[in-house]
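Visitor: Chains as they are written, first to last, in our numbering: chain A, 1 to 376; chain B, 1 to 272.
Keep in mind that a hint or two might mislead.
[Unchecked claim] Per label pair, the in silico range of CB-to-CB distance:
1) B:Lys192 / A:Glu39: 27 to 37 Å
2) B:Lys87 / A:Lys353: 56 to 66 Å
3) A:Gly133 / B:Thr5: 36 to 46 Å
4) A:Ser42 / B:Val230: 53 to 63 Å
5) B:Asp12 / A:Pro111: 47 to 57 Å
6) A:Glu211 / B:Asp252: 46 to 56 Å
7) B:Asn234 / A:Trp129: 56 to 66 Å
8) A:Asp210 / B:Asp12: 24 to 34 Å
9) B:Arg112 / A:Gly133: 26 to 36 Å
10) B:Arg112 / A:His369: 50 to 60 Å
11) B:Pro235 / A:Met125: 52 to 62 Å
[Unchecked claim] Here are some chain A residues pointing at chain B (derived, C-beta under 8 Å):
12) Phe25
13) Lys47
14) Ile59
15) Val65
16) Asp222
17) Lys223
18) Ser230
Just so you know, the hints here were simulated from the structure itself, not pulled from any lab data.
For every residue, glycine included, the Cβ atom is placed at its ideal position computed from N, Cα and C.
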Amino acid sequence: MQQEARLIQGNQAIVEGAIYAGARFYAGYPITPSSEIAEECSRVMPKVGGVYIQMEDEIASIAAVVGASLAGAKAFTATSGPGFSLMQENLGLAVMGEVPCVIINVQRAGPSTGLATRPAQSDVMQIRWGRHGDQAIISLSPSSVKECFTLTVQAFNFAEKFRVPVILAADEIVGHMRENFIAPAPGELEVIDRKRPTGPPDQYKPFVADEDGVAPLAAYGDKYVFHVSSSMHGPDGYSNNSPANATWRVTQLHRKLELHRDEIVLTRSFYTDDDIEVLLVAFGATTRAARAAALEARKNGIKAVVLQLITLWPFPDKEVAALGQNSKMIIVPEMNYAGQVAGEVQKALGSNKDIRRVNKYNGQIITPHDILKVMK
Amino acid sequence: MSYATGLKYLKDGVLPHMWCPGCGNGTVLGALLRAFEELKFKKEETVVVTGIGCWGKADDYVVTNALHTTHGRALAFATGIKAFNSKLNVVVLMGDGDSVTIGGNHFIHAARRNIDLTAIVVNNMNYGMTGGQVSGTTPSDKLTSTTVYGNPEREIDICTLAEVAGANYVARGTPYHGWELQKVITEALTKKGFSVVEVISPCPTHFGRNNKLKPALAMFRWLKEKAIPVEKYNPVTYPREEGYFPIGRLVDRDAPDFNSRYEEIRARAMRS
Ligand SMILES: Cc1ncc(C[n+]2csc(CCOP(=O)(O)OP(=O)(O)O)c2C)c(N)n1
Ligand code: SF4
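Bound-form chain A, shown alone (with noise of 0.2 Å):
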């Protein structure tokens, strides 16, 4: 049954792609430009059993998001700079006892409150490193209003999969845009549930892997009984401070990843050619302005092709150096000063390869003219 086309934005996108993953938990508390998803979600949890709660910050928000999923919700939060960085801790936590949940970070400028209604991708490496310790996790990034809705589903998936928190880092433009968009039929997605204990529940032993590297999980109130803890735990839940015990469940953690990296890494190339004169290596909506540039540059008989980075992390490396190798020069633009994807970009090709970066950090957001400006 083909769904009628909608003008909608992307951070409603979001809530819809998170109901057909079937989430039935949102806990958040509000913050410029992700509002609307809480807004959203305050009208639909109910309609559809799920709960909606306003917590009373950002703290609490992800807190409850986990306690929800360790009671069996698909859960989720979405958040913007300030309440993602009063996240982290928790957000370890999250990593730490390997719930799944989903944290949708609509970017904005900083530092601080910084410009709080613009666009920004300068939490990339928040995202990954932004808890203390060792620890992996997932980030997706969408560049459209219809990859707002996969990416979420897609988020859903993973976290599910991998008892991992996975954080969508859609940014302000792809949250407030609006597109036509076509919801896809019920079935038309893969929808992802999470593994669960089909042992004798006095075996149950909540963090001992399957041979994927993940362990099933129950859910409080089933008939399993099980701990789950922010210190190091062992096999059964309960805190165990051992050197070789922290060896085991550090290595399990980011082994899980490790083990289905190929799975997890999504990209997609737009304008393929053996010989890349020009490489742009874009994410989220600077997906859309490398696009438009190349387009124009290969008007003018350059041969340009536009890597897009879906998965940020684990990051693409692979699929960079594949691409890169054989490209003449390679342009990284971000709406960011530092050029934190680029320094990934760098650490992929190695250090003789010369890496041209478009950052802009203004609010304003990068357009193909900055880019073409860079190919000379």
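We have chain A already, so just place chain B with the ligands on it with the hints.
Guide: Then chain B with the ligands, alone, in the frame of chain A:
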């Protein structure tokens, strides 16, 4: 009639526990586990949520479901659990640091929401785990490792805060009054809405040493003298300035809890 021991909720092979000799935490845990037994709580349907600190280690000893959280945030995690699954018995174990100092805001809002949780707060009047620093409940002028000349600030009264913020049930106890403590914990666990049991239990190792309540026996004598059953308590005969405080059930009311209210909202949403 058999005497409740609470042993079926205690993990095998964990004794002796890690708390210092004379610490009230073991007594409070005993009262909680016996209350579970009295109420025939199923471990599958019970979730013990803990904060960080000495009392926050209590989850190591229980065989119910458990979630050991971050410092000060236990109530927020518990809120998510209860808001999603109203059938669970959710018990939140926090120190005075967790509950009303770093976590003060969550405490106020859990009470305001009247979410059906039971908070058992062990108020040891300082930060035990980190070495006896001042807390939001350390009385004025008392000595701690960070108020070596006396505490210049005033203390929070946890029960009064819970009452004004909207908790349905508020009680106070001490580890000296073990039986009475078990009674109020049992009441709190059965009460719908937000329930708080504050247990006054000065940390003998740090607070006690600094404030002439050491050995632990002196602390228990002090509890025996200063804790007055609420039925007998009168602020004129027992002035707060001299350290007297009422114990027993202080607040008991029946405002609708969050989950019942949300059910009504859901029904409205479905109709609209
Ligand atoms: C965010 C954060 N800040 C500080 C600490 C260090 N810390 C651990 S326990 C604690 C205080 C514990 O006091 P309380 O909650 O009263 O529990 P008690 O140990 O007295 O039972 C502190 C400050 C921490 N773990 N996390
Ligand atoms: S430090 Fe104080 S609160 Fe902690 S276990 Fe020892 S006596 Fe109890």
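Visitor: Okay, which hints does this one fail, numbers in order?
Guide: 4
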